[in-house]
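Chains as they are written, first to last, in numbering that gives the first Met the number 0: chain D, 0 to 392; chain A, 0 to 385.
No lab work stands behind these hints, which were simulated from the structure alone.
Just so it is clear, the structure is predicted and the values come from calculations on it, not from any experiment.
From the three backbone atoms N, C-alpha and C, an ideal C-beta is built for every residue, glycine too.
Among the hints, a few may not be true.
Computed from the model, here is a short list of chain A residues facing chain D with C-beta under 10 angstroms [claimed, not checked]: (1) Cys33; (2) Gly36; (3) Ser40; (4) Arg170; (5) Arg172; (6) Val263; (7) Ile267; (8) Phe274; (9) Val277.
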Amino acid sequence: MLRFIPLVWAGVWRNKSESALMLLALSVGFTLFGTMIAVNAAYEQAIDDAKMDRLVVACAFDCGSIPLGYREQLGRIPHVTAVGAVVWIGEHEQDAQHPITITFVDEGIRSAWPELPMSPADWRALDVTQTGIFLTRKAAARRNVRVGDALTMYSGPQGTLDGTGIYHFTVLGFIPDPPGWRSAGGGPSEIIIGNLRYAQNWGPPDERDRASILRVAVDRPENARGVCREIEAWYTNASPALYCLPARADAQETAEANINMRQISLGIGAAGLFMILFLCANGIAESVRERLREFGVLEAMGYREGHIATLVILEAAIPTLLAAFIGGVMASGVDALVAHLALTGVIEMPEMRSSLVAFGWALAAALLIALLSAVAPLYRLRHSEVAAVVAGL
Amino acid sequence: MSGLRQTAAVCLIGIGTLRERHATALVIVVGMACVVGVLTSMLSVTAGFARAFVRPEDATLAMVWRGEGSRFDQARGLQPDAVATIMDAPGIARSPDGAPLADGEFLMWIPPIEGFAAGSLQVRGVGPAGIALRPAFRIVAGHMFRAGARELVVGVGAARKFGLTVGSEVRLRDGPWPIVGIFSCGADIIESYLVGDAITVMAARRRAGFAEVIAQLADAGAYPGFRRWLMENPALSVYVERKTDYDLRELGINTSFFTRMSYVIGAIIALGALFGVVKIMYAAVRARTREIGTLRAIGFGATPVVVSVLAEAALLGAIGALLGAAIAWLMFNGREMWVWGAFRLRVAPSLWMLGLVWAVVSSLLGGLLPALRAGRLPPVEALRVE
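Could you put the whole structure together from the sequences, leaning on the hints where they help?
Structure (structure tokens):
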């Protein structure tokens, strides 16, 4: 195979400017393909991260809040292993252009939502500092805050006990973004963890002893649906009544609701590949057409059909693989742009992460395109007579 | 021969030779078809959404709600006494029996049906004027709900999406409620909801309060007085806006990500196609070198040659754009989608035009450098090329 490399290389760079343009076009096409694969993978990952044995419990009708007293009642249901309360309070920081929502949690969340990436030391620090908060790294970077910094939130008139609506926080530390659908259960798009006791003591009196949602852990995933049905049945006539969803089902259904970016991303990726295929096939067909005599000479020198086919396929594969690699790298940048656009919009979209999966798919697609592009030129070569080709007929 | 006639002649010659270069021409056509197909397909979502949510016939409707800026359909800020005060505002149209054409309404989430995301299915509580405010409202199966009865009607969009029909039941707080009818409303977003008598639904949910009042104004000129009267009433503390303005603002917020994403993707794929066009047009100029040399030798100027290359690129781009838009139209136009409600995708004429402009501009940019090279080819050297 190695002896073909000089020949292939000479073929690829026969016309440098056109080869460079082809490489650019293919790279941009693969950038789009890589981005779309990353979008799709982000949804798949978000659904995979959401666990079936974690339940989200919210009020069923005319959503307000849930009495904290439900925690103990839910804890007595068979198969329930932990119950934790979450309260969301938010509005903005210094002005309306800087929205913020704090996710206040209680001690029960440690077991009911163990995916929340807080260490035992973090939990201890939160427990002893009522006004303390932990920010995910992205939330911290957005605000450029450090440990020990103060952060102030305005939660609207009547948002606090004294009527000022102002909460003062101290940054205790930073945590990675928790896995899973970033707004599972209808929560905020960024996670800043606070101490539920602060919300209870400083929040408005009519919201005292109430939670936005309850998170419930069950012993086994197969019991999740049954526990949900039991919770809903228990509270059918309560005020408020409850509904319950396994976190994984919630993630799946949210992915299908709204604008289905999974389906759309696959369609766009396919269109990008189709464009690349035509461009590549045309390039390789043109190259073979212009070098028929060269191939004829090679055949006359004893190159077998298999050798010539290898040459043509390699000539197609080198630029496509190179473009797939460049496109994969560039897609990481576009992923960041898409993630930024998603943050500024209201669409529900999971965290985008550059992944090897996108690279792998791009390389596989590049190989497939190279093979498909070589089909027509090889057919033409196979049906050419050596003598006629060498004679230029 | 004048410059214009020369240009026309060279363009015709160039386009005439496309048959011999059909494979390369096809690459541009397919590339631009992909660009425009992707762009128009994505924007058809926004166009369809806009058609469902922003309706020109609502131009004389006004919205009144509590709070500032954004209305929240699930809010319960307007108590019945406030709604009664709003009904007294000047400028509201009257029904033949003299009642104000204004209605206190709200939306209420109900527990998700298994297999659908939470918040998918909502009940809209409407009052006596609710139907009069929506002239396109028609019962297409069963019958209308009766005021005071625990009955609901379901919009055709929600009926299709959730498999609901006359005789189905949905669970509200006080138990199951039967669906007694199916309605259509000229593709309005209300077709995505269950609709019931506001007071009866309110009693079932055990919480009073409306989210908004929708008022039919006597004419468009009545709005300033109507707004001033309500905004200056210290007892109300409400916000007032024309319904079309409000809907347009909300549409912008809700679709901004998707619209921007569409243009980002459209730009990326167009950039790829643009590089492809440059490559293909360079090859085309190379293939036509002798022909161009001959034309230059017999007295044709450089400008007609440049224009002919650009015209060829633009023509192929335009064909690709029409093909891409046609494919998008065939695949998506009229297809039902559900985003906060049912609506139909719409490959509108404006999207065809946008795709055409997008593709032609990309093709012209891509054809520019090859065209300049063609114009600069020295005739003597061009004639020597084999």
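Going through the hints against the structure:
1. At a threshold of 10 angstroms, the smallest CB-CB gap from cysteine 33 (chain A) to chain D is about 4 angstroms, leaving the interface hint in force.
2. The beta carbon of glycine 36 (chain A) is positioned within 10 angstroms of a beta carbon in chain D (closest approach about 6 angstroms), and the interface hint is therefore held.
3. A least Cβ separation of about 7 angstroms between serine 40 (chain A) and chain D falls short of the 10 angstroms threshold, and the interface hint therefore holds.
4. At its closest, the beta carbon of arginine 170 (chain A) sits 8 angstroms from a beta carbon of chain D; the interface hint therefore holds under the 10 angstroms criterion.
5. Taking 10 angstroms as the C-beta contact cut-off toward chain D, the hint placing arginine 172 (chain A) at the interface holds, the least distance being around 4 angstroms.
6. With 10 angstroms as the threshold, the beta carbon of valine 263 (chain A) comes within range of chain D, its nearest partner Cβ sitting at about 7 angstroms, so the hint holds.
7. Interface restraint check: isoleucine 267 (chain A) against chain D, minimum CB-CB distance 5 angstroms, threshold 10 angstroms, status holds.
8. Given the 10 angstroms rule on beta carbons, the hint for phenylalanine 274 (chain A) holds: about 4 angstroms separates it from the nearest Cβ of chain D.
9. With its C-beta approaching chain D no nearer than about 5 angstroms, valine 277 (chain A) sits inside the 10 angstroms limit, and its interface hint holds.
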